[in-house]
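Undergrad: Here is how the chains run, residue by residue.
Number of protein chains: 2
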Amino acid sequence: MIELDFNKLNGLMPAIVQDFNTNEVLMLGFMNQEAWEATLSTGKATFYSRTRQKLWVKGETSGHVQIVKEIRIDCDDDTILLRVDQVGGAACHTGHRSCFFKKIEDGTIKIIGKPVFDPREVYHK
Amino acid sequence: MIELDFNKLNGLMPAIVQDFNTNEVLMLGFMNQEAWEATLSTGKATFYSRTRQKLWVKGETSGHVQIVKEIRIDCDDDTILLRVDQVGGAACHTGHRSCFFKKIEDGTIKIIGKPVFDPREVYHK
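Top to bottom, those sequences are chains A and B.
When we follow the working numbering, the leftmost residue of the first sequence carries the number 1, and every step to the right adds one.
When we follow the working numbering, the leftmost residue of the second sequence carries the number 1, and every step to the right adds one.
Check the hints yourself; a few may be wrong.
Since the list can't tell identical chains apart, any single copy or any two copies may satisfy a pair.
[Said to hold, decoys possible] Keeping only pairs whose Cα atoms sit at most 30 Å apart, straight-line, the calculated DSS-like set for lysine-lysine is: (1) 110 x 8; (2) 8 x 114; (3) 44 x 8.
The set of hints was computed from the structure by calculation and includes no laboratory data.
As the structure is a prediction and not an experimental result, all values here were calculated from the model.
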């Protein structure tokens, strides 16, 4: 049994999500023990939503789930790295491929790339 | 002025460190406002050490500093991605290139790769 350290952040651990093929960093989520076990058993990235205070299967609304290809943990057993296949080609709810689409340049924010999908169509809002 | 959201984790934000050249994820640290400003002004990755409860310039002891080449922030302004040049070739205090050298395979941990340096020599312990 693999023991992770959920104590440092009151039951949560940060989980970095990286594209398995391109090595692009797609997003960061938080997992509690339940989300971690769900991720292991289903093979789909599952997080704990801090705002909604419940388990959150990434892509449950948009269909853009993350199929886990590889799981790594760090030296201190307090951070998770998921290497995934990103279904639908975009991880971010804004439609961008990666949530890290804001680059800091000369003290201002520059948007990198264009959205892959239109969030209004995907989320029907 | 770029406003980041330090409120979700009591004044801290997770900062993912990625190798600028290889896209390998090297480590994850936490920053408070002071560490963030020090990173911006010095160009060296600086974190807040939760165990030592003080600012921590990555590599201050080992010499393996991280030269910041690019900074990105995510859609919610609550996670930082630093893309760096890793001096010394290894980010982890164990001597491994990345802190994520433990891979989960068939329910057990498999160590990936060999240490780049001997921590006993670098830290003189």
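Undergrad: Going through the numbered hints above, which ones does this structure break? Give me the numbers in ascending order.
TA: Those not satisfied: there are none.
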